[in-house]
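Visitor: Please take these sequences and the hints and turn them into a complete structure.
2 protein chains.
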Amino acid sequence: MEMEKRERKIMVAVDESQESMYALSWCLSNLVSDNVDNVKLVLLYVKPPPSVYPLDAAGYIFSSDVVSTMEKYGKDLANSVMERAGDICRKLNTTNMSMERVIGSGDAKNVICSAVKKLEADTLVMGTHSYGFFKRALLGSVSDHCAKHAKCPVVIVKHP
Amino acid sequence: MEMEKRERKIMVAVDESQESMYALSWCLSNLVSDNVDNVKLVLLYVKPPPSVYPLDAAGYIFSSDVVSTMEKYGKDLANSVMERAGDICRKLNTTNMSMERVIGSGDAKNVICSAVKKLEADTLVMGTHSYGFFKRALLGSVSDHCAKHAKCPVVIVKHP
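Chains A and B supply the protein sequences, listed in that same order. Under UniProt numbering, the first sequence has 51 at position 51, and the numbering climbs by one with no breaks. Under UniProt numbering, the second sequence has 49 at position 49, and the numbering climbs by one with no breaks.
Keep in mind the hints are simulated off the structure, nothing from the lab. Honestly, I wouldn't trust all of these hints.
Repeated chains share a single entry, so a pair holds when one copy, or any two copies, can fit it.
Claimed, not checked - In silico EDC-like pairs for lysine to aspartate or glutamate, Cα to Cα no more than 16 Å straight-line: (1) Lys151 <-> Asp87; (2) Lys91 <-> Glu120; (3) Lys75 <-> Glu120; (4) Lys151 <-> Glu19; (5) Lys148 <-> Glu19; (6) Lys9 <-> Glu120; (7) Lys158 <-> Glu120; (8) Lys158 <-> Asp122; (9) Lys158 <-> Asp144; (10) Lys40 <-> Asp144.
It should be emphasised that the depicted structure is a prediction, and the values quoted were computed from it without experimental measurement.
Guide: Rendered as structure tokens:
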């Protein structure tokens, strides 16, 4: 009989926002207890799809130079978010927690739900942006969508 | 300097559904660690307002006899839900966890958000009903509302 406890996989969706870093801190303080032998933390960052990078005013198609600059920007941003997230983990959790970094690309809400399914996360933790009415209407709410559609318990952490 | 850790108050919204009992189990296994010295669990049950009790076909106003029967039914239901919740707590948590039972009355989504504020809960845990389209359109989703409006992190636990 296998008596070992199955590993719990906790996925935290991180992005540039203060809200998502707060959600990560909350997760470390509340979901990851001192005994982390059977916890794996998955940090997920979703890069926007290329078409979301700002066009210039006239809507010109970018030259390949500009495209590669944009791609570099996206990559730097992903690295910077992952660095900040790593700092928070080291600060709040001194134990040798198992951690994985995953970078996806596309529409955040779909990528997050797919990642939950594919990586078999047991819990999804995410922040909420305090978008205004127009931005919310335009973008939809990523956290609303994930709370409804992700195939695991979802923790919605609001920044106080 | 006060070095003692502040008590964490975790509120679980319970009702007649299997989903809410599953959410409670999830909470005990994932949010309440073995060291529960600084955790207080608050079980919240919301009775529907009197007008929600089914009218008879003709919509007659109830005689006071019927009203008191209905009130008794509501009270019995509340007790039965709290009993089941208590059983789950005793089963999953053998330590001497501090626990409180709160019974509210009214529109569940508003009562839950008010209780979070009034009792200063640090985390709200709730299940989701898998309502069909019409019931959802009619009732709205309690968990959707609370995820948006409750003044603390909200855990939405879906029954697998």
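Visitor: If a hint holds in the structure, say so; if it does not, say that too.
Guide: Here's how the hints hold up against the structure:
no.: 1; hint: Lys151 <-> Asp87; in the structure: neither (29 Å within a copy, 27 Å between copies)
no.: 2; hint: Lys91 <-> Glu120; in the structure: neither (27 Å within a copy, 27 Å between copies)
no.: 3; hint: Lys75 <-> Glu120; in the structure: neither (26 Å within a copy, 41 Å between copies)
no.: 4; hint: Lys151 <-> Glu19; in the structure: between (23 Å within a copy, 14 Å between copies)
no.: 5; hint: Lys148 <-> Glu19; in the structure: between (20 Å within a copy, 14 Å between copies)
no.: 6; hint: Lys9 <-> Glu120; in the structure: within (7 Å within a copy, 29 Å between copies)
no.: 7; hint: Lys158 <-> Glu120; in the structure: between (24 Å within a copy, 15 Å between copies)
no.: 8; hint: Lys158 <-> Asp122; in the structure: between (20 Å within a copy, 11 Å between copies)
no.: 9; hint: Lys158 <-> Asp144; in the structure: both (12 Å within a copy, 14 Å between copies)
no.: 10; hint: Lys40 <-> Asp144; in the structure: neither (25 Å within a copy, 28 Å between copies)
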